[in-house]
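Each chain is listed here by its residues.
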Amino acid sequence: MTAATTASPALITSDRAILGGAAVLTVLAGVADYGHWGSVVAFIVSAAAVCLLASVVGRSVEQLGDRFGPGATGVLQSALGNLPELFICIFSLKAGLVDVVRAALVGSILANLLLVLGVAFVVGGLKHGTQQLGSERARTIVVLMLLSVSAMAIPSLAHWLHTPAGAHETTFSVIVSVLLLTLFALSLPFSLRRSSSDETGGDDAPAEAPRWPLWLAIGLLAGAGAAAAFVSDWFVHALQPAMDALSVNQTFAGLVVIAIAGNAIENVVGVQLAARNDSAYAFSVILNSPIQIALVLAPALVLISQLFGLASLTLVFSPMLVVVLLLSVVLAAFIAFDGESTWLEGASLVVLYAIVATAFWWG
Amino acid sequence: MTAATTASPALITSDRAILGGAAVLTVLAGVADYGHWGSVVAFIVSAAAVCLLASVVGRSVEQLGDRFGPGATGVLQSALGNLPELFICIFSLKAGLVDVVRAALVGSILANLLLVLGVAFVVGGLKHGTQQLGSERARTIVVLMLLSVSAMAIPSLAHWLHTPAGAHETTFSVIVSVLLLTLFALSLPFSLRRSSSDETGGDDAPAEAPRWPLWLAIGLLAGAGAAAAFVSDWFVHALQPAMDALSVNQTFAGLVVIAIAGNAIENVVGVQLAARNDSAYAFSVILNSPIQIALVLAPALVLISQLFGLASLTLVFSPMLVVVLLLSVVLAAFIAFDGESTWLEGASLVVLYAIVATAFWWG
Amino acid sequence: MTAATTASPALITSDRAILGGAAVLTVLAGVADYGHWGSVVAFIVSAAAVCLLASVVGRSVEQLGDRFGPGATGVLQSALGNLPELFICIFSLKAGLVDVVRAALVGSILANLLLVLGVAFVVGGLKHGTQQLGSERARTIVVLMLLSVSAMAIPSLAHWLHTPAGAHETTFSVIVSVLLLTLFALSLPFSLRRSSSDETGGDDAPAEAPRWPLWLAIGLLAGAGAAAAFVSDWFVHALQPAMDALSVNQTFAGLVVIAIAGNAIENVVGVQLAARNDSAYAFSVILNSPIQIALVLAPALVLISQLFGLASLTLVFSPMLVVVLLLSVVLAAFIAFDGESTWLEGASLVVLYAIVATAFWWG
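Chains as they are written, first to last, in our numbering: chain L, 3 to 365; chain D, 3 to 365; chain S, 3 to 365.
Okay, chain L solo, but in the shape it has when bound (with noise of 0.2 Å):
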């Protein structure tokens, strides 16, 4: 609260230097793109890009939110957290990249339930030991976790299992992602609620002054997103020619390389709360990625698929995506009921990651 009363600069460094980096990385991208590049280079100066342009926008949110309270940046958080995403699945849609799209939904929460928990847990663990997940409140978000996945796996498994609603594949798809939409509604004022007893209960998230001036903040998240519409565009160019360079097949690319480099700024954070023992919120963090994949992200381009007449997005994944999305599921909410993490728990998970990735590779 002291920390109020010294005059804060409205651009501290490690926001400039974000900035900067954003902005240098941004108009390469653009370069890159239309000064044709070798595809690899273009494709991986994009996705930087994409990575500063997210936390861009995530500080941006962060500040906005700090004027309506806590509950609102949640809610902003998850509406707008995932933007980048957003564009890069929207823009493969459009390229027709319909399978890159849904393995890079499966893969974003198998990066996030093996891969980031895996480094979590390891890092944090040779840090500080067994570190405690706060297991009360990662139970309520691993049990939401468990029904939103579970509901959003059902066509895959009716499109399989059962003949007949396999033939409506895209009415049911539009069906649940009506559903899984208005589920994530219905949790909006929950999640206000939460977040406001979080802040007062822990003292471990002080209220700050927000640092940025509202006009900053509004200008700095328009910028940001307009530049992330553009910078997605330009990776999606670099893609496929780049995947085809390195002999990557579409699933692997979705799967692994743009779910690891969509969520790659939120993984860090995962990792560095965990680092720094502030294991209880690292996890929290990491089950709160799969539950606003299946409630907003995934539903939201089904609709904007069928509704923008791009290639069109079922909820329809392979079997093997699947049953690696519903085992990872079941795997991190045990996790979260024992309560507790071990580096070898990490070890394990990072290796059943690898395992699951190399299937893949072959695809």
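Hints may contain errors.
Chain copies aren't distinguished; within one or between two, either way the pair holds.
No more than 20 Å apart at the CA atoms, straight line, and that leaves these computed lysine to any residue pairs for SDA-like [stated by the list, open to error]: (1) K129 to L188; (2) K96 to S249; (3) K96 to V287; (4) K129 to P191; (5) K96 to I306; (6) K96 to F186; (7) K129 to G23; (8) K129 to S189; (9) K96 to G32; (10) K96 to L312; (11) K129 to L190.
These aren't lab readings, by the way, just hints derived from the structure by calculation.
Add chains D and S to chain L, keeping to what the hints say.
Relative to the frame of chain L, chains D and S by itself:
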């Protein structure tokens, strides 16, 4: 305890209303059947009659049980509580509607674990906030539920995944049914003991003096049982034409319509208990039903269908039914282990049920 | 500690009985093999010899381990405890009985998690009522078990559900095996540390002075190991004709017969511990076995089969085996998280095992 000293009438008002309603609807259902009313009307009337007769059977069992101690009530309820559903399934088998019966068995479990549990959580959560599920007892029940439902699911898994066993479908189902009924017989002393310790431990279910004379309880049980047999027959008569008129397929009819109608009273009881903030008891009532279906109703129907030469029922359910069944059981288990419920969890369960039901709409 | 002052004989009576029995049965098994006795008799004699030699190996490892601290014992046991089963599997692969080995690997896990756990719960529950499973430690072990068994199951899932990976079955299995063995190597310091903290924490396993001189322990280990190799060879010789004579198929032979015979001693130990009301220790012994099979035995056999040109063993198990394996692991995890066991749970587990075994009777 003091209530026992006041002269209690043999039948209180709510008893009379239900008895009267059951009698009127039973007669109406008979008239509808013999008078060839429209199939949808006949179906609705007989469904309502089944619900009320189920309630009369339930109350008679309760009054009878009070004379023999709480353990005996539990055992009687296990044995007779599913009587109306048993009759409906037998008459459906007689009419050759095997798919209806298979779907009804799985559907009863799904309706309990997703729909009823979900509505109970929503109602309870909106009225009382986060509710406790009495996790210690809930865990014991849920482990037994997992084991019994898994055992019931093995013949289906063997049929679809292990061809040689598929060729011995009937033999295998009969063996499994005998083992499941044996397990039920073994569980009787356990239930008897558990119920009596509950009685001494908890004061929330005070031992009321039986309100009905013995002859009345036995008479009503016999009468309602006999009436249930007739009404079930008429219900099944009306089922197929009514489903045709509403263009509902066999699986959906069993999975949703019969599953909900056949358990209507128990379902209402579960929700009422949650509304009264008696969430731990509500939860254990709702979780007990799948155990009874897996250990008693399903195996009894398999043996009856073989012994009496009805349409051959085996424990081989369609792949989608088995997967959804196992998924629901695992989700319910995690909810039980969480030990808390919120209305958002309830809403997610209801949405999940709606999605599953939709999948089977196309049959 | 005072026991150490009394002169302890190198071999106590029970040691002598087992050593004598092992020697006699080993000779008998050799005679049966060279003398062309009836295949069923030869099979039973060699199976009994394998059981007793397994016990001698176990005791030698224990005595050796006592010299190097409790951590070393755990590591030695992991490495050598499955020696007889390893020999049986190697000779089976040499004889081309790949299906037997696959079934034996899954069957050892199933036998532990369903049959042995079930019998331990029944015996312990009948003698001591509801038993506590020491849930904190049980949960840590069970999470590692879930992760390692899931990792082992991915090649099968990929083979059956993701065609492109199916074409690289052998390469993929070798990669996964190397990763699993790496994970085992990583877990060694963890096991060393965990065991020593157990030692200081709990007084239930007092540090006995080693009863055997070092030369005797090493000598017996070498002798029993060599004998186990010979007997395993004879056991596999007798296996196929004996199974033909009893009309048992390869999968059932591996899943039930070898799985039970190869783990007989450990199984008896688990049940004895439960009978002595040492249920937490019994549970952790029983849960540790699947981890060793997934992290050591299975991957070691895959690499051995490739390196020594035996019949090619991969980690691709039949669909039914994989599903039953994952189901059992999840059930065991819920039981561990419940933290209590009753004889009814045990009876359900035994019934479940009987149902699974029956499914594979038709092969």
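Here's how the hints hold up against the structure:
no.	hint	in the structure
1	K129 to L188	between (40 Å within a copy, 16 Å between copies)
2	K96 to S249	neither (22 Å within a copy, 38 Å between copies)
3	K96 to V287	neither (31 Å within a copy, 51 Å between copies)
4	K129 to P191	between (37 Å within a copy, 16 Å between copies)
5	K96 to I306	within (11 Å within a copy, 49 Å between copies)
6	K96 to F186	neither (26 Å within a copy, 46 Å between copies)
7	K129 to G23	neither (30 Å within a copy, 51 Å between copies)
8	K129 to S189	between (36 Å within a copy, 17 Å between copies)
9	K96 to G32	within (19 Å within a copy, 61 Å between copies)
10	K96 to L312	within (5 Å within a copy, 51 Å between copies)
11	K129 to L190	between (36 Å within a copy, 19 Å between copies)
Hint compliance for this structure: hints 2, 3, 6, 7 are broken, all remaining hints hold.
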